[in-house]
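Input sequences plus hints: build the corresponding full structure.
Protein sequences, first through last, are from chains A and B.
Heads up: the first sequence at position 92 corresponds to 107 in this note's numbering, and the numbers run straight through without jumps.
Heads up: the second sequence at position 88 corresponds to 223 in this note's numbering, and the numbers run straight through without jumps.
Wrong hints could be hidden among the right ones.
With a cut-off of at most 25 Å between alpha-carbon atoms, the simulated DSS-like pairs for lysine-lysine come out as follows [unchecked claim]:
{"no.": "1", "chain 1": "B", "residue 1": "K325", "chain 2": "B", "residue 2": "K168"}
{"no.": "2", "chain 1": "B", "residue 1": "K168", "chain 2": "A", "residue 2": "K26"}
{"no.": "3", "chain 1": "B", "residue 1": "K168", "chain 2": "B", "residue 2": "K332"}
{"no.": "4", "chain 1": "A", "residue 1": "K26", "chain 2": "B", "residue 2": "K325"}
{"no.": "5", "chain 1": "B", "residue 1": "K168", "chain 2": "A", "residue 2": "K18"}
Think of the hints as simulated: they come from the structure by calculation, not from any bench.
Only a predicted model underlies this, so the values are computations on that prediction, with no experimental measurement involved.
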Amino acid sequence: MVKYTYVNGVKREMTQEEENIFNQEQTEWLNQNPPKSRFEILLDVIRDKRNSLLAQTDYLALSDQTMSAEMTTYRQALRDITNGLTTVADVEAVVFPEKPGA
Amino acid sequence: MALSKIQAESMNLADTYAFTGTVSGAGEANDYKLITTTEATNASTIVFDNTVVTSDYDDYYISMGSVLVSNNGTDVHLRLSSDNGSSTFSTVKTGKVYRNLYGGSSFGHEQGSYGYTFLSGALSDGTTGWCCSIWLYDVNSSRYKFVQFLNTGKHTGGEGYSWFGGSEFQDTGAINYMRIQPGGGTISGKFSLYGIKR
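Shown next, in the form of structure tokens:
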């Protein structure tokens with residue numbers, strides 16, 4: 016497939032030398048950053064949201080706070096939310112627990 | 136059109152007036168000028184070479200808008216050169232912090248040493264664009280070069296992210312070449328290069 020470069024706004028085909036350098040640079044990057052599957056991408060989103068929700072109630076774990084049983088259960092459910100997820104359908108079906116009153 | 140001529144002949148603002156004068160002042164002190172704009176579709180690289188990256192300016196600013204990448208999950212990179220692209224600076228210390236705009240983890244950071252600045256995190260493909268601002272300072276100095284960048288767009292998971300960071304290009308040559316390219320696949324969008332004289 017022909018590769019194109021835009022030099023100062025002007026489109027042209029890459030020279031063979033330019034294409035060789037470009038291909039080498041992309042190969043290096045892809046080797047260091049292999050494409051993620053949709054499952055891995057969605058799992059990252061779940062983990063990100065889980066971490067955020069846990070952070071919102073972290074202050075309740077301080078020594079001068081008393082955590083309710085409901086909050087303890089809620090936070091444990093958040094920690095366990097990725098357990099058993101093996102397919103895209105599993106991840107898409109995840110429902111986050113409802114946060115109890117502090 | 137001189138004021139006296141306007142007053143003598145009147146000026147119809149509904150008309151089109153051809154400009155035949157000369158714009159002067161490029162490269163003068165305190166100048167800030169749009170040098171060139173590239174509107175690219177499915178490009179492997181976007182290049183500004185020594186025709187437009189000259190010692191006339193102290194700093195450069197690159198504005199990138201409506202940017203799309205063809206491959207889901209790719210970064211976008213900036214490479215610099217002092218020999219018009221025959222080789223690019225090989226040691227670049229880069230750091231950036233990011234924030235999920237959709238309420239995920241509030242904060243994160245990445246850093247490393249590469250042969251380029253990696254401007255974004257993993258961008259998603261599709262139809263939602265990404266935008267980026269890059270500032271390159273003291274490009275003619277004989278010291279290491281510093282670059283700052285700020286950008287916002289869709290992360291590979293489909294949520295919006297904002298990244299900001301900087302890089303130290305460990306090379307003392309004057310910059311006369313800039314190349315923007317995706318880590319994988321192609322890139323589309325509007326890329327404008329501005330020169331700043333201080």
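- Contradicted hints - numbers only: 5
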